[in-house]
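S.K.: Sequence:
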Amino acid sequence: MILEAKLPKKILLRQHEITAAYLKEIDKHLLDIVEERCFEMFEIRDFAGILHIHPTHLSNTIKLTTGKHPCYFFEEKILAIAKGMLETNEKSIGSIAALLTYDPSNFTKFFKAFTGMTPKQYRQSFFEKSIQNSEAITI
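When the letters of the sequence shown are read in order and numbered with this note's numbering, they come out as residues 1 to 139.
Rather than coming from a laboratory, the hints here were simulated on the basis of the structure. One thing to keep in mind: the hints can contain errors.
Taking lysine to aspartate or glutamate pairs in the EDC-like style, the calculated list, with each CA pair at most 20 angstroms apart, reads [what the hints assert, rightly or not]:
id	residue 1	residue 2
1	LYS68	ASP46
2	LYS91	GLU36
3	LYS83	ASP103
4	LYS24	GLU36
5	LYS24	GLU35
Every value quoted in this text rests on a predicted model; they were computed, and no experiment measured them.
Turn these sequences into a full structure, and let the hints guide you.
M.R.: Following this line, the structure appears as structure tokens:
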């Protein structure tokens with residue numbers, strides 16, 4: 001990137017430190033959510049507070065370093081957790097939504113926006129593929 005060539009090495013290293021710390025904090029927070037040690041989803045300002053930087057600085061740094069907005073990483077990780085929970089079929093979709101601090105309607109909208117299908121359709125599709133794969137193996 002042309003802009004990076006003009007920035008001092010110290011600033012470039014700090015950008016990558018901030019990005020790595022942000023991603024680590026997302027993982028810690030989502031683990032707390034899943035293990036029910038925390039019941040409110042953090043926002044960018046909360047992560048910025050943990051990292052002792054301004055929210056705008058955090059957003060700009062993540063965008064500059066990765067080319068993506070900070071919410072992208074947060075949403076991707078939430079989606080991965082949701083998919084994993086839907087695939088285990090241990091919790092209802094409503095329970096998964098509540099655990100991830102969504103109401104069921106908004107969870108369905110969020111999930112569909114990223115996957116093109118509702119959580120119910122995703123779960124059904126996953127289990128249909130699992131059955132097809134197990135039948136193909138036994139034949």
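S.K.: Honestly, which of those hints from before does the structure not fit?
M.R.: Result: no hint breaks.
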